[in-house]
Every structure is written in structure tokens, then in C-alpha cells.
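Chemist: What follows is each chain in one-letter form.
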Amino acid sequence: MGTAYTPGLKVSEYTRIDKVRRLPLKGEVLVKVGDRVNPSTVVAKTDLPGIMQTIKLAELLGVEPADVSSALQVKVGDRIRKGDMLAKSKGLFGLFKSEVKSTVDGILEVISPQTGHLQIRQPPTPIERDAYVEGTITQVIESEGVTVECYGALVQGIFGVGGERRGAIVIPHSDKEREIQGDDIGSEHKGCLLVGGSSVTGEALEKAVEMGVAGLIVGAIVDKDLIAFMRKYLNDPNYDIGVAIMGHEPIPFSLILTEGFGTISMAKRTFELLRSLEGKECSFNGATQIRAGVIRPEVITPLSTSPRLDSSDGKNDGGALDIGSYIRIIREPNFGGLGRVIELPAELQTVESETKVRVLKARLDDGSEVLVPRANVELIVTN
Amino acid sequence: MTEIRTILATDCGSTTTKAILIEKEPEGFRLKVRGEAPTTVESPFDDVTVGVLNAVREVEELSGKKILSSDNLIITPVNEQGEGVDLYLSTSSAGGGLQMTVAGVVKSMSAESAERAALGAGAIIMDVIAVDDGRKDFQKVERIRQLRPDMILMSGGTDGGTVNHLIEIAEMLVAADPKPRLGQGASLPVIYAGNKEAFPGVKGLLEGRVSLRQVENLRPSLERENLTPAREAIHELFLEHVMQQAPGYGKLSGWVSSGIMSTPNAVGRIMQTIAEQRNITVLGVDIGGATTDVFSVFRDTNGNSIFNRTVSANLGMSYSICNVLTETGEENILRWLPRDVSTADLRNQLRNKMIRPTTIPQRREDLQLEQAVAREALRLAFAHHKSLARGLTGIQQQRTIGDVLNQNATGATLVNMMTLDMIVGSGGVLSHAPRRSQSALMMMDAYEPEGVTLLTVDSIFMMPQLGILSTILPEAATEVFERDCLVYLGSCIAPVGAAKEGDTCISITLDGRTEDIPFGRIKVFPLAKGEQRSCVMQPAKGFDVGAGRGKPVTATVSGGEVGIIVDTRGRPLKIQTDKAEKIQKQKEWLEAMGIPF
Chain A
5 MGTAYTPGLK
15 VSEYTRIDKV
25 RRLPLKGEVL
35 VKVGDRVNPS
45 TVVAKTDLPG
55 IMQTIKLAEL
65 LGVEPADVSS
75 ALQVKVGDRI
85 RKGDMLAKSK
95 GLFGLFKSEV
105 KSTVDGILEV
115 ISPQTGHLQI
125 RQPPTPIERD
135 AYVEGTITQV
145 IESEGVTVEC
155 YGALVQGIFG
165 VGGERRGAIV
175 IPHSDKEREI
185 QGDDIGSEHK
195 GCLLVGGSSV
205 TGEALEKAVE
215 MGVAGLIVGA
225 IVDKDLIAFM
235 RKYLNDPNYD
245 IGVAIMGHEP
255 IPFSLILTEG
265 FGTISMAKRT
275 FELLRSLEGK
285 ECSFNGATQI
295 RAGVIRPEVI
305 TPLSTSPRLD
315 SSDGKNDGGA
325 LDIGSYIRII
335 REPNFGGLGR
345 VIELPAELQT
355 VESETKVRVL
365 KARLDDGSEV
375 LVPRANVELI
385 VTN
Chain B
28 MTEIRTILAT
38 DCGSTTTKAI
48 LIEKEPEGFR
58 LKVRGEAPTT
68 VESPFDDVTV
78 GVLNAVREVE
88 ELSGKKILSS
98 DNLIITPVNE
108 QGEGVDLYLS
118 TSSAGGGLQM
128 TVAGVVKSMS
138 AESAERAALG
148 AGAIIMDVIA
158 VDDGRKDFQK
168 VERIRQLRPD
178 MILMSGGTDG
188 GTVNHLIEIA
198 EMLVAADPKP
208 RLGQGASLPV
218 IYAGNKEAFP
228 GVKGLLEGRV
238 SLRQVENLRP
248 SLERENLTPA
258 REAIHELFLE
268 HVMQQAPGYG
278 KLSGWVSSGI
288 MSTPNAVGRI
298 MQTIAEQRNI
308 TVLGVDIGGA
318 TTDVFSVFRD
328 TNGNSIFNRT
338 VSANLGMSYS
348 ICNVLTETGE
358 ENILRWLPRD
368 VSTADLRNQL
378 RNKMIRPTTI
388 PQRREDLQLE
398 QAVAREALRL
408 AFAHHKSLAR
418 GLTGIQQQRT
428 IGDVLNQNAT
438 GATLVNMMTL
448 DMIVGSGGVL
458 SHAPRRSQSA
468 LMMMDAYEPE
478 GVTLLTVDSI
488 FMMPQLGILS
498 TILPEAATEV
508 FERDCLVYLG
518 SCIAPVGAAK
528 EGDTCISITL
538 DGRTEDIPFG
548 RIKVFPLAKG
558 EQRSCVMQPA
568 KGFDVGAGRG
578 KPVTATVSGG
588 EVGIIVDTRG
598 RPLKIQTDKA
608 EKIQKQKEWL
618 EAMGIPF
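Residue numbers (the numbering used here), protein chains in the order written: chain A, 5 to 387; chain B, 28 to 624.
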């Protein structure tokens with residue numbers, strides 16, 4: 005029985021990545037299967053229908069809704085410009101005439117005889133979807149989008165803020181255990197993704213804005229530092245993260261955490277992989293949704309060649325725990341500890357909290373042996 | 028039809044998928060084993076059936092019974108080799124549950140009735156749009172457009188009443204051009220449950236733009252609410268549209284012997300059954316990872332039992348744990364802890380639970396923190412429930428139309444803690460608390476029961492499965508519920524009033540012995556499950572246990588896994604503001620309940 009564990013996050017030095025690039029509404033796909041694309045190639049576009057504005061015509065004319073039709077100067081489908089005459093009432097004996105002009109541009113879509121309202125849809129907003137990553141189109145979803153196939157390195161984080169961005173990977177200092185501080189960030193980091201093996205300070209976040217940094221990927225951040233930064237930057241003293249649906253925050257960079265909140269070091273393997281990619285251009289996204297249809301933040305670095313394809317696909321094969329499986333502990337105590345499973349007792353065991361759970365016994369890399377709830381580990385597939 | 032002897036039922040929660048195996052024994056249906064596995068609606072699986080199969084495999088291992096075929100299908104019915112089950116049922120709240128927007132004409136009337144109908148069907152309400160809700164039309168249109176619900180329930184107007192306002196709502200929907208959450212290109216289901224005379228006009232506007240279905244008016248007259256047809260339509264559309272779009276649900280629908288039921292709907296059925304069969308008032312809760320559902324059966328002023336259900340989206344113990352923090356604040360969580368914890372640590376720990384929702388507390392201090400959050404989630408969800416669990420109580424009295432329109436003043440909450448007979452707790456944090464006394468204390472702190480109230484919990488969190496089973500095989504559901512599901516913790520006696528710490532509060536006479544219990548304490552009298560006693564309660568002047576201030580009450584109290592709990596901490600319960608005093612009191616109360624800290 006080895007199913008009760010949290011699926012791990014992908015950390016792969018070379019893998020195939022399929023990115024589905026979908027429009028929010030149906031529209032037009034601009035590429036075809038086999039096309040090579042770069043991150044900025046527009047692969048699909050659509051128009052987001054404009055806002056419908058209601059004009060309470062009967063009220064404005066001072067007539068009954070049923071009488072609106074006789075006063076109308078326009079019909080459904082007409083393109084309306086701001087200031088165009090919409091309706092004129094005949095008045096009483098030619099007196100007390102009233103007229104209504106449009107206050108918006110758009111298309112007249114609805115004339116309601118019941119309410120006497122007109123509804124004018126304002127011009128649509130064009131939306132374009134770019135390829136986000138360098139690769140090849142492998143699938144066209146008719147009128148909706150495409151799948152881009154990309155080969156390269158993939159690092160998934162556990163939590164992020166901010167949306168899709170691109171930039172070169174830079175390690176501001178090589179001491180994995182030291183947090184990124186304000187002094188570590190300079191003008192040379194403009195447009196880059198900075199990698200830190202530990203955490204990042206609140207002061208460094210502000211410096212990142214100042215220097216035009218495109219993104220940061222670190223092990224962890226102290227929650228209060230992140231919230232204080234967001235409150236200040238968004239000018240909202242009540243801002244907080246209630247439900248983790250992130251990625252649309254209007255901040256000028258994206259932040260990706262690989263481990264969580266507090267002061268937790270980035271897993272060595274993740275840090276070493278990012279260090280090996282230093283100088284390379286990558287696509288990254290802080291978008292996170294910890295809900296149904298989970299989305300985790302990511303860093304994708306396209307690589308044209310690799311000594312081998314990481315067939316294990318990093319940490320995340322959805323396989324089962326076995327004796328000898330390499331695992332990482334993802335909750336206190338021993339959060340971040342790496343080791344191998346040495347026992348998988350079938351019976352429920354009582355842990356310190358007195359909770360009866362399925363556990364595993366692991367020998368950590370430092371030689372110590374620990375008993376951990378299976379739900380508190382993630383499986384790591386080693387290369 | 029062959030006799031049903033073996034039943035498998037799963038509940039796909041947002042965090043965990045639970046499977047139970049029920050078999051017919053000589054004495055009746057009994058729970059055999061329970062298995063669980065993480066829910067798999069997310070990447071890399073994107074298929075709820077993976078988690079179902081994992082949970083069923085655990086059931087196989089624990090029971091020694093083969094249930095799955097070699098190609099990973101549930102064998103139904105039982106074959107000649109005795110493999111498989113006769114019935115397979117499932118409930119689900121995974122995939123975000125059922126998310127709805129409701130619209131009505133008057134916020135406190137038809138819109139509120141629509142809200143009750145949707146909540147009663149187990150939905151999470153994303154917004155309530157009303158003609159008089161104070162927002163500008165364009166703001167409402169923008170909101171409808173942004174929401175992307177699973178469906179919209181539209182109501183308003185008594186039959187023969189307003190037409191124009193319904194047309195206005197329909198115009199707003201046309202303007203918003205709303206899209207469903209799941210299934211790009213699919214049209215959004217809209218249930219029309221308003222004035223039947225307005226339907227032709229509404230249909231003219233909406234037909235072809237949305238998937239429109241008409242049901243009976245849910246408020247046919249000011250004096251009457253008719254929620255059942257709308258609730259049934261919601262349930263049908265949930266199965267037809269929403270479940271078919273969620274990852275793997277199409278496959279799961281093909282496996283089950285009966286339609287998949289939403290979890291809150293299933294639990295609600297069990298709560299109603301408890302109240303009906305025992306002729307009591309009940310308050311039930313199912314606290315999950317993403318949402319907390321509250322159910323109640325109270326009596327209105329005419330003595331009729333009224334069932335209410337609310338689903339508090341974003342109040343839960345894993346996915347939503349940080350929203351509990353946001354809504355209640357750091358201090359309200361920290362007040363329940365028997366030790367000093369910094370707000371920075373609190374926030375980091377809750378964030379880490381949110382981002383790894385399936386992990387469980389290994390250390391005692393982590394468990395205490397989660398149980399502190401649970402108290403606040405339960406309390407907030409109950410406040411939400413109280414605000415909606417109010418009937419049309421005043422309508423049938425003689426009153427003017429002006430009074431009817433002012434329902435806020437007349438539709439008082441039905442929740443009356445002094446008349447409440449039983450609290451039923453369900454959900455991981457209550458059902459799986461290492462000690463039953465921890466569950467009892469969490470419910471006492473969150474709900475503040477008054478007078479005499481029986482506390483119970485769902486033994487291993489199987490009410491959803493029994494809820495759906497009750498629709499197919501009610502006797503099996505009842506038998507398992509009584510024998511294996513409902514755990515009696517004991518009666519809680521709580522005088523209402525306040526005094527100074529140590530002042531006289533109540534005298535309890537039990538088994539011929541009288542004991543005075545001062546204010547500010549918890550005292551447990553051991554009494555085993557199944558035992559009952561007559562108890563004489565003499566409250567001090569200023570305290571009420573049901574008969575009025577200072578008046579004695581004699582009542583039958585029930586034992587259970589905790590015993591008879593006398594809670595003289597006062598109502599409303601006030602927690603000390605001084606940090607050291609607060610920690611000391613928490614330790615005292617935990618010790619009184621036999622909980623290590």
C-alpha cells in the first residue's frame with residue numbers, strides 16, 4: 005500500500021513539456037501543426053465581447069415601454085456612435101418633445117418592448133495568446149488554442165505570485181544557504197530571473213521592483229514579508245492571501261517559492277539544476293491555484309540538446325512508495341529532510357499528535373532514522 | 028433483483044477520497060472497513076477515478092476481498108467467485124463542488140429564497156444578484172461575466188406579479204453573456220424559477236444564448252416558498268452538466284449504480300433522517316478541506332421542523348485554511364492555544380498547510396494549531412448559517428404588505444441553541460481527532476451550546492456515503508448509521524449567563540450526589556455510552572439552563588465516550604484577553620477534558 009503520499013513537483017533537467025495555450029473564449033488559431041514558434045509568437049486571438057450598456061429609453065423619453073418603438077431612430081444591429089440620435093418622442097401636440105442620444109459607441113443588440121430599455125454592446129477588446137515557450141505546435145484545438153511542445157529543463161514551484169514572464173537565469177550569489185538581500189540586486193539584473201537557494205527578504209522584493217527584475221525563484225519567504233510587500237505595492241492595507249488563486253497580481257515581477265513559507269532552503273537538486281542553467285533564457289510563471297485543477301508555478305528553460313531525456317520526468321511519476329524509494333519530508337518535524345524508505349508498516353501507527361496514521365520509516369541522508377506519516381512525504385525519482 | 032449484501036461507497040472530497048465497504052451480517056448491515064487516498068482531480072492525474080481506485084485498493088487490502096477486476100474496474104454485482112460488490116455508490120465535492128450564482132428581484136425575498144434553494148441543493152454561492160442589491164446595472168453585468176459559475180438560478184416575482192424586473196434580470200444575463208466554469212464552448216445552464224407569466228419574455232431573450240430550464244416558481248406567493256422543484260433541477264443539472272465536465276467524472280458516472288450525489292446533499296439527507304426518526308432538533312456540520320457545510324433542523328413558531336443547509340465556501344481546513352485566518356484574524360485563532368505562538372509562525376504554518384493540503388499534523392503543537400483553526404472555521408460557518416436559516420415566519424400572521432416587505436425585521440433566525448437537542452460533527456478534523464474529547468471541546472467552543480445538548484460525531488467520516496445509500500437502501504443506511512457511524516460523546520450542560528471567575532454557577536445532582544460547580548470551569552462526570560441518568564440542575568441566580576434564570580431543570584442526560592460535560596464558562600463564552608491568563612485557562616480546560624497539552 006503506497007498510495008497515501010503527496011504527488012511531488014517536477015524538477016527535471018531535460019523533459020518534454022506540453023503547454024496548452026488556450027483562449028478564454030472561442031476565437032481564431034493563427035498557427036498550424038508543425039510550426040516552430042518562439043515565446044512571443046501569437047498563436048491565437050479573439051475578441052472579448054464589449055460591455056453591454058443599458059439605456060433606459062422609456063424612462064428618458066418619459067413614455068411607456070410599449071411606445072418606445074414608435075420613437076426609435078435606430079434598429080437592432082446598427083452600429084452606434086456616441087452622440088448618435090437613438091429616439092425622439094413626438095410630444096404632446098408637438099410640444100414637450102424629447103430626444104435621447106447615445107452616450108457610448110457600440111452595436112445595438114437588444115430593444116426590450118417590456119422594459120423599454122436599449123442595450124448597446126461596446127466595441128470588443130482584442131485578446132492575443134502567445135506561445136509562452138519556444139517549441140513546435142503539436143496540436144490545434146479548433147477555435148480555442150494550441151499545444152506547444154517544448155524540450156528543456158522544468159522546475160515546478162509550490163507557490164507563486166505574478167504571471168507569465170521571460171528572462172535570463174542569474175544566481176546573484178552562490179551561497180545556497182544565504183537569503184537574497186537588497187544589496188544582492190543591482191541594475192544588471194533588469195529583466196532577469198534571480199535564483200536564491202534560501203529565502204528572500206522584504207527589502208529585496210522592493211529592490212527587485214526598483215531594478216526592474218523580472219522574477220525571483222527562492223526556497224521560501226516569511227509570509228509577513230510577502231504580505232507587507234504586497235500591501236505596500238498594491239496600496240491596499242487589507243490585502244491578504246485567503247484562497248491561493250494567484251497569478252493576476254499587478255506586480256512588476258513574478259515570485260516562485262519551491263518549498264513554502266518561513267526560512268526553508270531550496271532542495272539541493274533544484275538549486276543545482278537552476279545553477280547549471282545560469283545565463284539561459286527561460287519562461288516562467290508564478291500562477292498558482294491550490295484548488296480543483298491545481299496549477300503550480302514553473303520555470304521552463306528550452307534546451308536544444310541534452311545528453312539524455314530524463315525519462316523519469318523528474319519527481320512526479322505518480323508511482324508508488326516502495327522500500328528504497330527516495331523521499332522528501334514536506335512537513336515539520338524534519339521538513340525538507342531527504343532519505344530512503346526502509347520500512348512500510350502495514351498497520352496504522354500512532355505519532356506524537358496521537359493521530360493514528362499510515363507511516364513509513366526512512367533513513368535520512370544524515371544517517372538518522374525517522375517515522376513519518378506517508379501523507380507528509382513526496383516521492384523523488386532520482387536520475 | 029438480486030439481494031444486496033455488499034455495498035461499496037466512496038466520497039470524493041476536495042482533499043481525500045474515502046471508500047467504505049458495508050456487508051450484510053446476521054444482525055444486519057455493518058461497516059467492514061474504510062480506505063482512503065488523496066483525491067486526484069489535479070495534475071499529474073487529472074482524473075478523480077485514480078484516487079477512487081487507490082481508496083478501493085486500500086479497502087481490498089484491509090478486507091481481503093477482491094473488488095477490482097484485472098482491468099481496474101469495480102466488479103458489480105458480486106460474481107460466482109464472491110468477488111466484487113452488489114452496489115457501488117459515490118458522492119463528490121471535489122473539483123470545486125457545485126458553484127452557483129443566484130439572481131432574484133428583491134434581495135431579502137426572492138433572491139434569498141433562491142439562495143436557500145441553491146444552498147439546500149448543496150451549492151456554493153458565488154454571488155447573489157438582485158434588482159435592489161444596491162449595485163449599478165453595469166457592475167452586476169461585470170460581476171456575472173467574471174464569475175463563471177456552474178449554473179445560475181433565476182427567481183423573482185410571485186405568480187401573476189412583476190414581469191418587468193424578471194426581464195431586466197434576463198437582459199443583464201444577455202449583456203453579461205456568462206460562460207460556465209467547465210467545458211469551453213458549453214452553454215451555461217440557467218434555471219428559471221420565477222413568475223411563470225414572465226417566462227415567455229425571459230425565454231425570448233435567453234433562448235439560444237444559455238441552456239434554459241423552467242421549474243415551478245420558488246416563491247409563488249409572498250407567504251409560500253416552494254424550493255423543491257428548483258433543488259431537484261439543480262441536482263439534475265449538476266449530474267448532467269457539471270459532473271460530466273470535471274476530470275474523470277464521466278468515467279466515474281459509468282461505474283456507479285446510481286447518479287453521483289453532491290456531498291452536502293448526501294449529508295443533509297442523513298441529518299434530516301436523524302431529526303425525523305428521533306423527533307428532535309439537530310445541528311450538524313461537515314468541515315472539509317475547502318468548505319464547511321452546516322445543517323440544521325429547528326422548529327418554527329408553529330412547531331414545524333424546518334431544514335436548512337448552508338455551504339460556507341472558503342472556510343475549510345486545508346485549501347481554505349488561510350481564508351479562515353483572513354476572515355477571523357490571528358488573535359482569534361491564537362486564543363485557543365495553550366502556549367505562546369508568534370503571529371509570524373502562525374501565518375507561515377497555515378500557509379504551508381494550504382500549499383500542501385494533504386499533509387497531516389505529526390506534532391502535538393501542529394494538531395493544536397489545526398484544531399484552533401477548526402474552532403474558528405466552525406464558528407464562522409455557523410454565523411453564516413444563522414443568518415440564512417430563517418423562515419418566512421411572520422408571513423402567515425396578520426400583517427400589512429409593508430410588514431411583509433420588511434422581512435429583515437420579521438424573519439428571525441430559526442437557530443435557538445437553548446432548544447437544540449443534538450449536535451452532530453463530521454469531517455476530518457472532528458471525526459479523526461485523536462481523542463473524542465478534542466472533538467467535543469472544539470464543538471463546545473465553536474457553537475456554545477446552551478442548556479442540555481447531546482454531542483455526537485461521525486465515527487470515521489462516512490455520513491456522505493450513508494446519505495446516498497439512504498436514497499437506495501434506507502434500512503442499510505440506518506443500520507450502519509446507528510451501529511457504526513454515530514458516536515455519542517455525551518450530554519453537555521451549559522448555563523447561560525455570566526459571573527466572576529469562581530462565583531457560584533450551578534449545582535448538579537446526579538446519582539444522588541450533588542456538586543456545586545463554580546463559574547469558569549469545565550467538569551466531566553464519567554458516564555458510559557448507552558447509559559442515561561436523570562439529572563437535576565439548579566442554576567444560580569442569573570443563570571438559565573432552559574427554564575429561566577435561577578430556575579431548576581430536571582432532564583435526562585446521556586453518556587458517551589467523554590461523559591456528562593458541565594460547561595460553566597458562561598454564555599456568550601468570553602476568552603481572557605491577558606495572554607498569560609488565557610494560556611492558563613486553556614490548559615485548565617484541556618486538563619478538565621483529559622486532553623494532553
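Treat the hints with caution; some may be incorrect.
What the hints assert, rightly or not - Going by beta-carbon spacing under 10 Å, a handful of chain A positions derived as facing chain B:
(1) S106
(2) G266
(3) S372
(4) V376
What the hints assert, rightly or not - Listing some non-contacts, in silico: residues in chain A with all C-beta distances to chain B over 12 Å:
(5) V37
(6) I55
(7) D88
(8) S102
(9) S178
(10) S202
(11) V226
(12) D227
(13) D244
(14) T292
(15) G371
(16) P377
If you are wondering where the hints come from, they were derived from the structure by calculation, not from laboratory data. Predicted model only: the values in this text are computed from it and were never measured. Just so you know, even glycine gets a beta-carbon here, dropped at the ideal spot from N, CA and C.
Chemist: Now, for every hint given, state plainly whether the structure supports it.
Modeler: For each hint, the structure was consulted:
1. S106: violated, 15 Å
2. G266: With a closest approach of 4 Å, the G266 (chain A) hint holds.
3. S372: violated, 15 Å
4. V376: holds, 7 Å
5. V37: Its Cβ never comes within 12 Å of chain B, the nearest being 20 Å, so this holds.
6. I55: violated, 7 Å
7. D88: holds, 20 Å
8. S102: With a cut-off of 12 Å, S102 (chain A) remains clear of chain B, as the shortest Cβ separation is near 21 Å.
9. S178: Non-interface label on S178 (chain A) holds, nearest chain B Cβ at 26 Å vs cutoff 12 Å.
10. S202: holds, 15 Å
11. V226: violated, 6 Å
12. D227: violated, 4 Å
13. D244: violated, 5 Å
14. T292: Per Cβ check, T292 (chain A) is inside 12 Å of chain B; nearest 8 Å; violated.
15. G371: G371 (chain A) clear of chain B: closest Cβ-Cβ about 21 Å, beyond 12 Å.
16. P377: violated, 5 Å
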